[in-house]
Structures are given as structure tokens and as C-alpha cells.
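**Q** If you read the sequences in order, they're chains P and D.
Residue 260 in the numbering used here sits at position 260 of the first sequence; the count goes up by one each step and never skips.
Residue 525 in the numbering used here sits at position 525 of the second sequence; the count goes up by one each step and never skips.
Hints should not be assumed to be uniformly reliable.
Stated by the list, open to error - Computed, partial: chain P to chain D, Cβ under 8 Å: (1) Pro233; (2) Val267; (3) Asn271.
Said to hold, decoys possible - If you anchor each label on the Cβ, the simulated ranges turn out as follows: (4) P/Gly251 <-> D/Ser42: 52 to 60 Å; (5) P/Gly251 <-> D/Arg376: 43 to 51 Å; (6) D/Asn458 <-> P/Leu39: 32 to 40 Å; (7) P/Leu138 <-> D/Glu469: 50 to 58 Å; (8) P/Gly251 <-> D/Lys366: 54 to 62 Å; (9) P/Thr24 <-> D/Ala422: 36 to 44 Å; (10) D/Ser42 <-> P/Leu138: 47 to 55 Å; (11) D/Ser426 <-> P/Ser191: 54 to 62 Å; (12) D/Gly365 <-> P/Pro47: 54 to 62 Å; (13) P/Ala141 <-> D/Glu96: 23 to 31 Å; (14) D/Asp231 <-> P/Ala129: 51 to 59 Å.
Since the hints were made in silico from the structure, they are not lab data.
No residue lacks a Cβ here, since even glycine has one placed at the ideal position from N, Cα and C.
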Amino acid sequence: MTLTIPALRAATAGRRRRRPLGVTLAVAFLALATVTAVLAPVLAPHPPDATSLLNSLAPPGTEGHPLGTDSTGRDVLSRIMYGARLSLLAPLGVVLLSGLLGTAVGLLAARAGGWADAVLSRGMDIVFAFPSLLLAMLVVAVFGPGLTAPICALAVGYTPFVGRVVRSMAIQEGARPYMECYRVMGFGEWSVALRHLLPNMLPVLLAQSALAFGYALVDLAALSYLGLGVRPPDADWGSMIAEARSAILQGEPWSGLLPGLAVILTVVSVNVLGEHLGGAVSGKQRAGT
Amino acid sequence: MTRPRPAALAAALLSACTLTACAGGGGAPAAGRAAGVSVTTSVPAATTEVEAITWNVPAGEPPTLDPARSAIDSVSTVVANLCEGLFTLGPGYRPEPALATSIEHPDPLTYVIRLRAGATFWNGDPVTPEDVLYSVERVLDPKLGSSWIGWAAHLDGITATGDGEITVKLKKPDVVVPNFFAMPAFFVVQKEHAEKAGKDFGTATGGVMCTGPYKVGDWAQGRHITLTRNDAWWNPRKPKVGNVRFTFVTDPAAQAAALAGGDVDGQFNVPRAAHDQLAAKGHLLYGASLATTFLSVINPDGALSDPATRQALHALIDYRGIIQSVYRGTAQPLRALVPPQAWGYGKDVYQAAYDRLPQPAQDLGKAKSLVAGSARAKEKMVLAYTPAIEEENRIATAIADAATRAGMRIELKPLTAEQFGAVFSSPQARAGIDLLLSSGYLDFPEPLAYYQFFTTGNFYNFGGYENKEYDAAIAAALVTADDAARARQVAKAQAIMAKDLVNIPIATQYVNVYYGSHLAGLVPRQSYLNTPWAAGLGGA
Numbered sequence: 001m002t003l004t005i006p007a008l009r010a011a012t013a014g015r016r017r018r019r020p021l022g023v024t025l026a027v028a029f030l031a032l033a034t035v036t037a038v039l040a041p042v043l044a045p046h047p048p049d050a051t052s053l054l055n056s057l058a059p060p061g062t063e064g065h066p067l068g069t070d071s072t073g074r075d076v077l078s079r080i081m082y083g084a085r086l087s088l089l090a091p092l093g094v095v096l097l098s099g100l101l102g103t104a105v106g107l108l109a110a111r112a113g114g115w116a117d118a119v120l121s122r123g124m125d126i127v128f129a130f131p132s133l134l135l136a137m138l139v140v141a142v143f144g145p146g147l148t149a150p151i152c153a154l155a156v157g158y159t160p161f162v163g164r165v166v167r168s169m170a171i172q173e174g175a176r177p178y179m180e181c182y183r184v185m186g187f188g189e190w191s192v193a194l195r196h197l198l199p200n201m202l203p204v205l206l207a208q209s210a211l212a213f214g215y216a217l218v219d220l221a222a223l224s225y226l227g228l229g230v231r232p233p234d235a236d237w238g239s240m241i242a243e244a245r246s247a248i249l250q251g252e253p254w255s256g257l258l259p260g261l262a263v264i265l266t267v268v269s270v271n272v273l274g275e276h277l278g279g280a281v282s283g284k285q286r287a288g289t
Numbered sequence: 001m002t003r004p005r006p007a008a009l010a011a012a013l014l015s016a017c018t019l020t021a022c023a024g025g026g027g028a029p030a031a032g033r034a035a036g037v038s039v040t041t042s043v044p045a046a047t048t049e050v051e052a053i054t055w056n057v058p059a060g061e062p063p064t065l066d067p068a069r070s071a072i073d074s075v076s077t078v079v080a081n082l083c084e085g086l087f088t089l090g091p092g093y094r095p096e097p098a099l100a101t102s103i104e105h106p107d108p109l110t111y112v113i114r115l116r117a118g119a120t121f122w123n124g125d126p127v128t129p130e131d132v133l134y135s136v137e138r139v140l141d142p143k144l145g146s147s148w149i150g151w152a153a154h155l156d157g158i159t160a161t162g163d164g165e166i167t168v169k170l171k172k173p174d175v176v177v178p179n180f181f182a183m184p185a186f187f188v189v190q191k192e193h194a195e196k197a198g199k200d201f202g203t204a205t206g207g208v209m210c211t212g213p214y215k216v217g218d219w220a221q222g223r224h225i226t227l228t229r230n231d232a233w234w235n236p237r238k239p240k241v242g243n244v245r246f247t248f249v250t251d252p253a254a255q256a257a258a259l260a261g262g263d264v265d266g267q268f269n270v271p272r273a274a275h276d277q278l279a280a281k282g283h284l285l286y287g288a289s290l291a292t293t294f295l296s297v298i299n300p301d302g303a304l305s306d307p308a309t310r311q312a313l314h315a316l317i318d319y320r321g322i323i324q325s326v327y328r329g330t331a332q333p334l335r336a337l338v339p340p341q342a343w344g345y346g347k348d349v350y351q352a353a354y355d356r357l358p359q360p361a362q363d364l365g366k367a368k369s370l371v372a373g374s375a376r377a378k379e380k381m382v383l384a385y386t387p388a389i390e391e392e393n394r395i396a397t398a399i400a401d402a403a404t405r406a407g408m409r410i411e412l413k414p415l416t417a418e419q420f421g422a423v424f425s426s427p428q429a430r431a432g433i434d435l436l437l438s439s440g441y442l443d444f445p446e447p448l449a450y451y452q453f454f455t456t457g458n459f460y461n462f463g464g465y466e467n468k469e470y471d472a473a474i475a476a477a478l479v480t481a482d483d484a485a486r487a488r489q490v491a492k493a494q495a496i497m498a499k500d501l502v503n504i505p506i507a508t509q510y511v512n513v514y515y516g517s518h519l520a521g522l523v524p525r526q527s528y529l530n531t532p533w534a535a536g537l538g539g540a
């Protein structure tokens, strides 16, 4: 049995409200990016690594290359489509890992209280004070380039963002009467936390994760731009921008601008969606109090 | 000595009008012509004095100004104007007197060198044979770790044999040795100053004491090094620029902006992407270089142990695309490891031998056929390279893709600057690498200087290449004083190497320099790293 808090009742009612145009566009773009990433092998006009040096830096609109070619003659559209896979999957990994870690740490701190709460909270403060990107660069310096190490490092760096929210909500919700009801009914502390408290926090966590996804995407793109992310010749949007540096200096910027545009649109879409979710949840929570 | 180049190699892009062409002067291009690119071999001399110029060193701030450690571009570019050897390289890379006035070679093992009378250090003290001996022996001290030590493999001893005279004795003839008399291996520093400075010698604290056309005026670490003219220089051709201020901008976009905006007056190794922009602003000149870009076999036991794998690699490289697209016409494809510009003697012999080597051309059909017939060729290979050099990044990517199309498997391994440097000194750093894409250059036009690295047991023979015929040809060349006969031996070794494909030559790039239109007098040559190039600069 799960008691429904007022915020969620309001959320159900809110579904009937009309969705703003910006949110609709954001969802549409993210859906398009996801479909493109999944179906890249089917949709891409060329293999992403197929070079043609004598056809390098062809401008958009060139026959067979709608978005042109990069400095080694690879098709920019195909690389953007294949690049979407790593560019979307890697931040998703960061969000899932940091979500799991943050939720665990936040719940533990809130439910355990006392010295455990103090230790975990100060630990989160310390990690929070350390720039995530710098942490990822340090990890790459130790373990070498590739996506696994930066994903783990960024996940650790993002954990306090989730952990603090979860801890705060868990303490807040823990004081509500319905939680006391569960305890009186003989449910254990962890059973209540995992089976009833956590589901009630999901909307907020979802909104938080959407925002974190955007930040992680930018951080991972920055790492790839610095040559610390994906290994060549794999494509992601950050590495595509890095590879276009000299082309930009040469006055032929499209092979860098287009993946840059993909990063911007994705981050904006995710942020719009995240803010919408966050706004909806907080509005509904206000409505429920 | 030959050197790998860790920073971006000099190369050039189509220039609308080189100084030679604009001025109607200059000689015939030494390296022929690529599409639309002229090689400059002479420029009008500087005519007016210039109080100060700012020159950028794209490889960054030099860690030292010690000539014994000047084996990297950042150090060499500055030190070449401060310190001198016994001889220097003139136009055409011919040795010219510097701190020595003459050399005698009474027998194959002896070089008697007469030092210049009246040459002084910047502080006015005379240059003595003791200073010369100290400087040479300092380089030979393994504790110093100078990479110039390699010249002395056959050295018996070096002594002062008279007033203003030193004698170099060898244990066995080595025709490469005299070339080093014009290299930093023989750059002279003052003994008293060096001993007093101790470990600080060459640093901003300890400084250096040399004899060259410029002396160190100011070294503000992290910002600039300013050289001031040495008015007591022995050479009557006095520099026309009073002060040369070196900056250390490493970002290509910032370099382009500084050069185009006039904040910086000049730079060697201008980023290729900025050439179009700069060609319209000032003098963007290209010179024939002694540089070579090539693939080396590092692991002889894996896929590359099969000659078919190496032949397939040779066949799948898109040489035309590399020259036209990556180097944009400012390089030439190579049939042999040493570029034709490095034939300092026996040119007819070398040319005939070079013409007999197969012309490099992509033939994917041949590559596929070779791979199909070889089990080893299908094994995975790791190709290491430095992504810091954008051109090599693109070449490695294109090779990996072409290899995939031919049925091979090449995994790319980009190396950091530290990892790339370690590859040349540590077997551990080479572990796991099958192929290495790199660029290097000769300091003087002697092909033997490169080919001797591939003899059995040589420190730089990373792939462990062993061929008795090759070793014999190199050994014979090292003791052959006659130019034509030596060229024949080297050409024989070159042909053996080309057949065995222990390395796969790709291209030789032109060296480039940019300077503002208000300046004149500098011809781009590979020798700028060891000769006082700033002494020729001045007002147009």
C-alpha cells in the first residue's frame, strides 16, 4: 500500500493542463535526437569513420553530404547522428549513477541521522566544493582517456546535488503523519523509505536529473573537446568540435558549428524540460500544502 | 643528429605571392614546386635598422637556454641567436667559419681546427681553447643528459694542440662527425661562467655566456625573453635589429590573431589554418626542409612481422590526399625516408637511386589482395601518434580508415606530449604499440645521419631491424670520404630499407616563416634551429 501525498494528486490533475510550446518543442527535439541515435546505422548516409581526404571540408549542401564534410572528409551528418549515441548515452550514465549514489547517500543520512548524517553531509559538502570537471580530468590523468573514467568521476561529482535534495526531502517527508502511520503499522524504517518515501520523491528526482543531464552533457563534451573523452575515430559532439578547431580558424566553421548546435539544442531542451518538471512539482507541492 | 618533432612541424599553405615572386628575386626553388606553392631560396637583404621586434615561439617558453640542451624547437629557436659553434651552416647548408676559421683533415682519424683570434664572449673575455674543450666535454658528460652526445660514438679524444688550435681524434673514421662542428654539440660557452652557475646554467637565474650576435637582455619567466644586440660580435655582418623579444603563444588561434594584428612581428611554424589570412598581411615564406613524416614499425613480432602487412600499409596510404588536403600542397610525397633536400652530396647518385624506388600512390586493390593472402595482416595493430600535431591526427585517422577498407584492423592510440616523448627513450613506453606515426628532421644534409639509426642494435632502431647487407652498406658509407662512393653505399642501404619497409615514408613538409611587411632578410631554412637567423632580419 502506498499513500499518495497531495503533491502527486495535484500532479495527476495537472496532466490535463495544456503543455507550453517550449516544452513541446523540447520533447520533440529530444525524441528526434534519441531516435536518430538509436537508428544511426540505418539512417546515416555514410559510415561515420569513412574518410576522403580529397573531399575534406566540403560545405553543407554538397551532393551526398547534406551537412558537408570535416577535415578528413568524413560526413558531418553521419558523425552527428552516430555522435548522438555517445553524447546522449554518457550523460545518461552520469545521471543514473549519480542518482543511485545520491539517493542512497541522502536516504542513509536522513534516516540514520546523528553522527552518520553529519559525516555524510560534510562528505557531500567536500565533493560539492570540488569542481566536477576538474575531478574528471584528474581521473582521466590517472586512468587514461576514454568515457568510463569520466562518467564515473562526474557521477561522483554530481552525487551531492542529488544527495542533498534527497536528504532534505526525506527529513521533510519523514515528519509527515503518513510516515508515522506506516511506522505504527509496524513497517521497518528502510521498508518505509524504499517502498513509500522514495516513490514520492521521484518527480523531484526526475526534474533534478533532467537538469543534471544537461550539465553532464556539457562537461563530457568539454572533456572530449580537450581530447580526454572518446577515443578516435569514434565520434561524439565534443570531439567533433575539437576536430574542427583549425577549420574554424581557416574560415570553414560548419563542421564545428553543427555539432555545437546539437549540444546547445540538447542542453536547452533538457533544461526546458527539467525546469518544467521542477516547476510542476513545486507548484503542485505548494498546491498540496 | 636527427630529431623527432614534438610540436607542430613547419609547413605551409598556398601563398598568393611569396617574397621571392613579389620581388622578382631569389633562385630556383630547391625542392621543386607543389601545386601553387613556391619555395623561397633567397630574399632581398634587410636595408634599415629596426629598434625592436617581437617574435613568437609557438612551441612555448624554452625550459633552458643551455645550448647543450637545445634539441627541442623552443630552445633551439632562441639559442641559435645566442651561441655559436666552431662553424655555422650557410645558405645551401654549406659549413662556414664561425668560432673557427679553418679545419684540416690530415688523416681519416684527425681533424685539426684553428680557432678564430679575437672572438670574445659577451662580457669581453676572449674565447680560449680551454673554453672550447670545456664546452665539448660538457656535452659528452652523460650526467648532463645532452642529446648531442651521439656524435662522439667514435671519438678518441679532443685536445688543445697549440695556441688557438684544437684537435679532434677519432678511433675509427666517421664521415658524419664534421657536420657536428656546426651544431650545438660544439657551441661554445664560457667555462668560468658555466662552472660558477652550476646547475642554474641556462636558467633565468644562472643565464648563459656565449659569443653570438645577441645576448640575453631580460628573461621574465612565463612572459618573454628579450635578446639585445651584441655590438662586439666578431662577424662584420652586424644584426640590424636592436632587440628581439620572444613571446610564447602556443594557441594557434591566438598566434594568428597576434600575427595578423601586428602584436607579434614574426614566427616560424605558422599554423597552416592561418596561412590564407597571413599571406595577405605580410611575408609568408616556404623553404625546403630536411623533415620527414613516416610510419615506423615498432613491434616486429605482431602483424607487421609479415612483409605483406607492411606492403599493404604502404599501398593503402592516400599520399595524394595527404599532400593536397592535409598539407595543402606544401609538402611532397616521399619514396625514401630521407627527403631529396637532404642530399648534401652525390646528388646524381641519390637521384638515380631515388627514381628507381616505387612512386608512392594509393592502391587499395593491391592492399586488399595482400591482406587477403596474409593471416597476420588481419591481426589488430595499434597505431600511436600525437594529436597535438593536427596534420598527423588527420593522417592517422585516414590510415586507420583505409586499413579498415583493406580488411585490416588498426586501433588508434593518441599519445600525450609526455607519452610521445617517452616513446623515443623508453621501451616500456613503446609497449603495446605496433606502429608509430611521427615526424623528424635532419639538422644537416647527410642522409647517413638518419639511416645509421636502423643498423642492428642502434638505440633508435625501435623495431629491432636486422639486415646484414644494410649494416654493411652503412658501415662502409661511414668510412667513405669520397662523396659519390659514399652516396652509392647510402643509396644501397636506402634501397634495402625501402624493400624491407621497416618504415614507411609519407611526406616531407616545407618549413615556413611569417614576418610583417616592414621586415626583410630572412629565408626559411631548416637550419634556422642552429644558425643565427635573427642576424639577417632588418627593416625592408
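**Q** Now, for every hint given, state plainly whether the structure supports it.
**A** These are the hints, each one checked on the structure:
Interface restraint check: proline 233 of chain P against chain D, minimum CB-CB distance 5 Å, threshold 8 Å, status holds. Interface hint at valine 267 of chain P: violated, since its Cβ lies 24 Å from the closest Cβ of chain D, which is beyond the 8 Å cut-off. Annotation: asparagine 271 of chain P was flagged as interfacial toward chain D, and the flag is violated, the nearest CB pair being 29 Å apart, outside 8 Å. Between glycine 251 of chain P and serine 42 of chain D the Cβ separation comes to about 32 Å, which falls outside the hinted range of 52 to 60 Å.
The given range of 43 to 51 Å is respected by glycine 251 of chain P and arginine 376 of chain D, whose C-beta atoms sit roughly 45 Å from each other. One distance hint, 32 to 40 Å for the beta-carbon pair asparagine 458 of chain D and leucine 39 of chain P, is violated here, with the actual separation near 54 Å. Hint check: leucine 138 of chain P to glutamate 469 of chain D, Cβ distance near 52 Å, so the stated range 50 to 58 Å holds. Between glycine 251 of chain P and lysine 366 of chain D, the C-beta spacing of about 38 Å breaks the proposed range 54 to 62 Å.
In this structure the supplied range 36 to 44 Å is violated for threonine 24 of chain P paired with alanine 422 of chain D, their Cβ-Cβ distance being about 54 Å. In this structure the hint that serine 42 of chain D and leucine 138 of chain P lie 47 to 55 Å apart at CB holds, the actual value being about 52 Å. Under the hint 54 to 62 Å, the C-beta atoms of serine 426 of chain D and serine 191 of chain P, about 58 Å apart, fit the expected range. The hinted window of 54 to 62 Å between glycine 365 of chain D and proline 47 of chain P is violated, with their beta carbons roughly 20 Å apart.
A beta carbon spacing of about 48 Å between alanine 141 of chain P and glutamate 96 of chain D contradicts the range 23 to 31 Å that was offered as a hint. Roughly 57 Å separates the CB atoms of aspartate 231 of chain D and alanine 129 of chain P, a value that falls within the hinted 51 to 59 Å.
Hint violations for this structure: numbers 2, 3, 4, 6, 8, 9, 12 and 13, all remaining hints satisfied.
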